[in-house]
Amino acid sequence: MTMATREIESKPYGRISIQEQQIIHFPRGLFGFEDRHDYALIDSTTPPFYWLQNLDDPELAFILINPYIVAPEYVLDVSEDDLHAVESEDGSELLVFSIVTIPADRSQISCNLQGPLLINRRARLARQAISLDQRWEIKHYLTSGAGA
Amino acid sequence: MLILSRKVNERIVIGDDIEVAVVEIRGDQVKLGIIAPQNVTVHRREVFDQIQEENRAAAMGDAADLAKLSGLFPADTMISPGDSAAPDPSDSGDQRKRPDQSDS
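Protein sequence lines, in the order shown, are assigned to chains Y and G.
Those letters in the first sequence? Residues 1 to 148, per my numbering, in order.
Those letters in the second sequence? Residues 1001 to 1104, per my numbering, in order.
Hints were generated in silico from the structure; no laboratory data involved.
Predicted model, so just to flag it, every value in this text is computed and none were measured.
Heads up, some of the hints might be wrong.
Claimed, not checked - With the C-beta cut set under 7 Å, the calculated list includes, among others, these residues of chain G facing chain Y: (1) N1039; (2) H1043; (3) V1047; (4) Q1052; (5) R1056; (6) D1065.
A virtual CB, placed ideally from N, CA and C, is assigned to each residue, including glycine.
Model the full structure from these sequences, guided by the hints.
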């Protein structure tokens, strides 16, 4: 199978080449960015982080991490609506990511476990869900001792 | 916005299958009961607002910020190469939903 590639402008790395299969559609956008629908999922040069780069606005990009790395006990608990929206009613084919926030005070770096990103890797369809379990915080601190 | 006056134990009906009941009124707090089908999700408005705010803050991060985080996680917590960002149809994934593990 030949992979179609394409050049995009990215916030972290400038002009880069990506494969079409890295492109993901968010029909509803992200909360606060409802009019931005198309992103590319890019490996960062700082694993295990990823970049979610918007394709229409090179300045719009989010840092992602696999929530199970920062919270091994994390349980994805989202509504049927959210799973239906990414055409993954049984949760299969799903990649789950958490958006990382890096404030000026880097001891306060956190990721959002309350609003996980669900990505159906086969359909390349995604959505920001809301956890039904309130114990997963919007600011889950990545560095020990922070935010206590 | 449609504004309705309701007393305790009175209800409103939205569409065919959603009902909202006023369960209790105490001071400036109203307790609402919501009857809706399983597939209809109900969230407090503040949750949407907070996630929106957090997304805006997260969008401020840049590559220089991220580079400073290298080494934050020990190598043994890295995801395996098979979990590369590019969606790979041959990889069934290990992140599927784990149902019925709530702490209720």
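We went through each hint and held it up to the structure:
no.: 1; hint: N1039; in the structure: holds, 5 Å
no.: 2; hint: H1043; in the structure: holds, 6 Å
no.: 3; hint: V1047; in the structure: holds, 6 Å
no.: 4; hint: Q1052; in the structure: holds, 4 Å
no.: 5; hint: R1056; in the structure: holds, 5 Å
no.: 6; hint: D1065; in the structure: holds, 4 Å
In this structure, none of the earlier numbered hints is contradicted; all agree with it.
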